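K.L.:
Work out the full structure, taking the sequences as your base and the hints as a guide.
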Amino acid sequence: MYEIISARLGTPGDTFTPDDATNVEALLDGGFIKEKNPTNNAKSVKVTPSQQVPDDLQIDTE
Amino acid sequence: MATSTYLSAPVVTVNSVDLSDQATSAVITRVIESLESSSFASNSRTYTAGMENSTITVTLYNSYAVTETYATLKALVGTQTTVTIKPTVAATSATNPIHTLTGCYLESLPLVNGQLGALDTIDITFTGGVYSVAIA
Numbered sequence: 012m013y014e015i016i017s018a019r020l021g022t023p024g025d026t027f028t029p030d031d032a033t034n035v036e037a038l039l040d041g042g043f044i045k046e047k048n049p050t051n052n053a054k055s056v057k058v059t060p061s062q063q064v065p066d067d068l069q070i071d072t073e
Numbered sequence: 006m007a008t009s010t011y012l013s014a015p016v017v018t019v020n021s022v023d024l025s026d027q028a029t030s031a032v033i034t035r036v037i038e039s040l041e042s043s044s045f046a047s048n049s050r051t052y053t054a055g056m057e058n059s060t061i062t063v064t065l066y067n068s069y070a071v072t073e074t075y076a077t078l079k080a081l082v083g084t085q086t087t088v089t090i091k092p093t094v095a096a097t098s099a100t101n102p103i104h105t106l107t108g109c110y111l112e113s114l115p116l117v118n119g120q121l122g123a124l125d126t127i128d129i130t131f132t133g134g135v136y137s138v139a140i141a
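Line order of the protein sequences matches chains X and V.
Heads up: the first sequence begins at 12 in my numbering, then just goes up one per residue.
Heads up: the second sequence begins at 6 in my numbering, then just goes up one per residue.
I should point out that these hints are in silico values taken from the structure, not numbers from a laboratory.
Careful, some of the hints might be misleading.
[As the list claims (entries may be wrong)] Here are the computed lysine to any residue pairs in the SDA-like style, where the Cα-Cα straight-line distance is at most 25 Å:
| hint | chain 1 | residue 1 | chain 2 | residue 2 |
| --- | --- | --- | --- | --- |
| 1 | X | K45 | V | D26 |
| 2 | V | K79 | X | G42 |
| 3 | X | K47 | V | D26 |
| 4 | V | K79 | X | S17 |
| 5 | X | K45 | V | Y69 |
| 6 | V | K79 | X | D40 |
| 7 | X | K45 | V | T100 |
| 8 | V | K79 | X | T33 |
| 9 | X | K45 | V | G108 |
[What the hints assert, rightly or not] Computed spacing ranges between beta-carbons, pair by pair:
| hint | chain 1 | residue 1 | chain 2 | residue 2 | range |
| --- | --- | --- | --- | --- | --- |
| 10 | V | A46 | X | D40 | 54 to 60 Å |
| 11 | X | K47 | V | S9 | 27 to 33 Å |
| 12 | V | S9 | X | M12 | 35 to 41 Å |
| 13 | X | K47 | V | G55 | 43 to 49 Å |
| 14 | V | T8 | X | K45 | 30 to 36 Å |
| 15 | V | L114 | X | D30 | 35 to 41 Å |
| 16 | V | V71 | X | V35 | 16 to 22 Å |
No experiment lies behind these values; they were computed from the predicted model shown.
Backbone N, C-alpha and C define an ideal beta-carbon position, used for all residues, glycine too.
P.N.:
And the structure:
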């Protein structure tokens, strides 16, 4: 996924989807587009004391 | 008499980048190479169609500014890309067709064309690829 930077290519901020004949490396090199960073939507999970495994139920793997 | 007059607003794109404001000339020529098919039975030379080898030649102001001519072309030398030309910026139609060379090759790029008291302009030619025209 790429994001348009230059107005010469389209609306800055829009997603750019290259076709097969587009030289993407040249567009990246020229500063016309940039790779989109994947959005991190994962939320942190809080572990409550009741979810903690008691010591006597833990498996000794040694 | 119907004519085509290019006063302003033709659209030229190279590798999807709109270079219309840097272009002063654009020529697309559809070429299908000729293969001679004359024989001892011929009284004149005859030819048949060979491979297509169309070209687009564009004259551009040579700008080194960010996302201008040089930035667009520098990484395209020796590679294939797509070039489009449309007579005007208006919607594509039968009277405003968009011509496309897909997979055309840029063999050379003039880096400096300096003359005293003149703007730096370059002529670049894209060769080969598949020609198509769209009217919608």
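K.L.:
Check each numbered hint from earlier against the structure, then list the numbers of those it violates in ascending order.
P.N.:
3, 7, 11, 14, 15
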